[in-house]
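S.K.: Taken in sequence, the protein lines are chains A and B. This note's numbering runs 20 ahead of the 1-based position in the first sequence. This note's numbering runs 175 ahead of the 1-based position in the second sequence.
Don't read these hints as lab results, they were simulated from the structure. The reader is advised that the hints may include incorrect statements.
Unchecked claim - Covered, in the sense of this in silico footprint (three residues per stretch, anywhere, with C-beta under 8 Å from a C-beta of chain A), are these stretches of chain B:
hint : stretch
1    : 260-274
2    : 279-288
3    : 381-395
In this text, all values refer to a predicted model and were calculated from it rather than measured experimentally. For every residue, glycine included, the Cβ atom is placed at its ideal position computed from N, Cα and C.
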Amino acid sequence: MDRGALFLDTFFKRELIVRYLPDILKGMVVTVEIAVLVVVTGIAAGLALALVRSLRWRLVNLPLVVFVDVARALPPLVVVLIVYFGLPNVGILLPSFAVLWLVLSLVLAAFAEEIFWAGILSVRKGQWEAARSTGLGYGQALFYVILPQAVRLTVPPLTNRTIAITKNTALGTVIGVPEILNQATTAQSFSLNATPLMMGAVAYLVLFVPVVIAGRTIERRFAWRRA
Amino acid sequence: MTSSRRDVILDVRGLRKSFGGTEVLKGIDLAVAPQELVFIIGPSGAGKSTLLRCLNRLEEPTDGSIFVDGVDLLHPKTDINAMRRGIGMVFQAFNLYPHMTALGNVTLALRKVMRRAAAQADEIGLAALDRVGLKDRARAYPNELSGGQQQRVAIARAIALEPKIMLFDEPTSALDPEMVGSVLAVMRDLQASGMTMVVVSHEMRFAREAAHRVVFMEDGLISDQGPPAKIFGPDASPRARAFLAGVAR
């Protein structure tokens, strides 16, 4: 067998592609489900945390900042393993899907909080003052004047961070979530061939290249008129 | 709780403000009559802007009292948001909301604070923009407007709430010289309509022509005041004369 044929046989074996395509597709569905859930809950929680932080209550902000820093510093894989293998010992049984969702949501929430908070801080003080001087309350000024500007500033970093964290759905493979990588490694160990892994890689590209491109478009749209 | 003087719409007494250990206002007494235009001048660092910002509590005074139309502005039970509706403020940096049109800027408080219906808010907003000569730019965003136009929109934003008093914090300092006239014209028009105004500015010609009273501040205190003819004339205090001589250069 020449090298070209060997390469094709190792990474793109047609019969294996046909055999494992349904599994990979199933994995894609699971990956998309987790990714969407993580994005929704993670960003919502991150925004909520940033809003709480903007109230500047010291007793709340100290634990909040500690959480955010810890969640950003720890490798998500470590947290996934601790939660999945540790919680049952204290009587909390969570399905692997829920563990992955929870952990990635918390990590995204931590990063999103920092990004939203930076966005809120970057809106000039005069915007607060103008809003308050016309009789808007703190919450009204925040929601109608500050946040719309802060959110625009946060779109590029938030897009990048969201992509980075949703890719971590692949960590589900170590706790048995039947997402893309899990399906691919299972198929690889049965077939003793790298073709399923390559299929997994292609599946990630199919899912995430459009997201990356969409992210760039969103960034361009939001890099908008600033007075 | 209420001020005894009926001919006074704004009554400031013994006002002090410290930042950290630095006392910026050292006991200001100032009474402003309805429809009066009081012009505050003085060297930078004198506390002019701080005084103005205390008048709607963008800065919290350290001590003293402020009565607006008989209401104690510093009383803990005073609804500061309600009071601020009656005290318009115009900033040096305009501070328009960049994500809203001119009309959106003018109507935000009408819609969210005064709870006006959108159509009614737009009507009031357009009338306010008309007063500053910008009705035709109602749909423009701030970055599509010149500095002078932005400042006029900011004035419209304040007057749309029908304030009893307007505070101007160096309203023309950030403007190119050719833009200054249009803003001063709007302020002139406001004064003619009977608006009570407190203006911090370096536009001495405007002060001379439009102010009822000129207040000279230095080092956290009012050190001289009177009609423009006095402050800009030979009877002014030596410090005021020295300051004005420096400005006129």
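S.K.: Taking the hints in turn, state whether each one holds.
M.R.: For each hint, the structure was consulted:
no. : hint    : result
1   : 260-274 : holds (count 11)
2   : 279-288 : holds (count 4)
3   : 381-395 : violated (count 0)
Checked against the numbered hints given earlier, the structure breaks only hint 3 and satisfies all the rest.
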